[in-house]
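K.L.:
Spelled out, the chains give:
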Amino acid sequence: MSAADKKNVPPTDTERRRVLRLLGKGSVVAAFAAQIGAAARAFFPNVLYEPPTKFKLKRPEEYPPGFTFDAAHRLFVVREEDAFHVISAVCTHLGCTVQWRENEFDCPCHGSRFRPNGSVISGPAPRPLSWFDTRLSPDGFLEVDSAVDVAPGFRFVPPKGQA
Amino acid sequence: MGEQLAKLWRKISWSWSPGSERESSEAIVRNLWLHWFPAKITRAAMSWNYSLWLGTAAASLFFILTVTGVMLMFFYVPSTERAYGSIKDLQYAVSFGRVLRNQHRWAAEGMVAVVFLHMARVFFTGAYRGTRAANWLVGVGLLLATLLLSFTGYLLPWDQLAFWAVTVGTNIAREAPVVGGTMRFLLLGGTQIDQQTLLRFYVLHVFFLPAVLWVMFAYHMWRVRKDGGLGAVEAIKADRRMAPKPMPATKSYSLFGLTPGTSVQVMSSTELEAEDQVVSSPNLTRRIVLVFLIVFNATLLASIFFNAPLEEAANPAVTPNPAKAPWYFVWLQELVASTTVHIGPLTISGGFLGGILLPGVLLVLLAVWPWLDRSPLSAEGRWFPSSRKTQNRVFVVAMIAIVLLIVVGVFLRGPNWRIYWPGMPRPQAPTVL
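As they're listed, the protein sequences go chains A and B.
Here the first sequence stands for residues 1 to 163, where the numbers follow the numbering used here.
Here the second sequence stands for residues 1 to 433, where the numbers follow the numbering used here.
Just so you know, the hints here were simulated from the structure itself, not pulled from any lab data.
Cβ coordinates follow ideal geometry from the N, Cα and C atoms, glycine included.
There's no promise every hint is true.
Coverage of chain A stretches by chain B, computed from C-beta distances (three or more under 8 Å per stretch; other residues unrestricted) [as the list claims (entries may be wrong)]:
{"id": "1", "segment": "27–39"}
{"id": "2", "segment": "128–136"}
{"id": "3", "segment": "141–150"}
Listed next, with one range per pair, are the computed distances between beta-carbon atoms [unchecked claim]:
{"id": "4", "chain 1": "A", "residue 1": "E15", "chain 2": "B", "residue 2": "V215", "range": "36 to 44 Å"}
{"id": "5", "chain 1": "B", "residue 1": "V215", "chain 2": "A", "residue 2": "V28", "range": "45 to 53 Å"}
{"id": "6", "chain 1": "B", "residue 1": "V29", "chain 2": "A", "residue 2": "Q35", "range": "36 to 44 Å"}
{"id": "7", "chain 1": "A", "residue 1": "A40", "chain 2": "B", "residue 2": "L358", "range": "53 to 61 Å"}
{"id": "8", "chain 1": "A", "residue 1": "A71", "chain 2": "B", "residue 2": "A298", "range": "36 to 44 Å"}
{"id": "9", "chain 1": "A", "residue 1": "E15", "chain 2": "B", "residue 2": "L358", "range": "53 to 61 Å"}
Make a model of the complete structure from these sequences and hints.
P.N.:
In structure tokens, the structure reads:
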């Protein structure tokens, strides 16, 4: 019997049964896998009850010159004359809160040290501290977006009469 | 009715001083609590000096932890607002709550230590070769589960240690290539450490991880029996092979007796002899009760005299200075703090190198060690055999390195994670700004 002949032979009963059985088992396994996948998906929340990344701080004039720590938002507001910038207090190594001491930021967890501009002096921190985008809200408060980083050296000078 | 009860009692109890060997083995075989033990056990495995009974001690600690843990669940509230308060209640308002929590804590720290020592014993006696390699692998899994249980456990009080440990721990997870960010999101149940995070770690700690550990423990015990008992058995068998008993004077007319060469009696002398073994009931059962009581009383004594640590309530704004992990993780903290490397413009964070890569390599090395080990099988079941000098040296060096890192972390690190030698004044770092 040649190959062409073989093609024309209708599938035997056993072959048909084998395919049907495979389909049956396959659908059961597929359904089970889908259920597992659905259960796993539930662990990735769709709604997060977390504070927004964009938030208001105090009015510019309320900040004294120098470094002011904002505990609620884990950042430093830095005022030089009329210019402001905001540096994150979250260490870039493993996320501990750095402290401002004698002209440098120190991390208590693994000993990273940063210059006043956030760049690394020593320690395990792989990146400089983040600088956050800062502006003035319409009602006259400093407004920070911690999801938006700006280049170090960024300065925000509020319009006259605000600071 | 009374007779029925007596019958039931006979099924779940046994005689502690059996009158015959038959009564002894029946106690093992027909009893629900004892059926997973062998009817007879080798004298070598019963020896205090061989196993130091560290595995039994670890299992005892795990049993204590399960019972005290379930009791603590009646008092603990897994909520970021109430968790810390419920621990304070246990310490100051619940009768004997302090002892209960202390015992859970000290048993947990004890279990980390004992499981590690048990692994060291198995390593030094070479009891992970051949058929026992699979059980070594299960043991590595048990060690890992023990460490994960400790980690998820000390997060629950929601004090400063807890909060900063989750912060650091989940940020290490983030450093994993490709899946890091997803893993952290999954662990935290979001992007910030919050109620979802506490709940997830709680369920992991009180159900998921203990269930995994119980299943692995059961398999570990089953494998011990399938592998023919402790490694010490191999040493006896090897000794028997070296000095076979003289052939019995009787002549064998069996089929085997006609074959030339070694007769069946010589072959069978490699097997265990009656004098090598004792009945498990009551020898093994008594010993297990004794080890359990020693361990239980040790943890209870520690719990009466020493309080489990509890720091101030979690405060995201202020990281304690220095912020130290519990002693069994301090060596990892040392690693992540000192392994950030700069290669040209490229920076590899210590979080990845010291937090994931190095421990990962160590774990894989530990897991596959039985298959790398080329020492002779005859070394199995003895302490420090000369043919295993190299392996033991490698293991001791690794152990000393870890212990040194722990000593440096626990005793020498001060504020800002700097080294302070004994006697050097340590600046008081403010904990509140």
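K.L.:
Any hints from earlier that this structure breaks? Give me their numbers in increasing order, please.
P.N.:
1, 2, 3, 5 and 7
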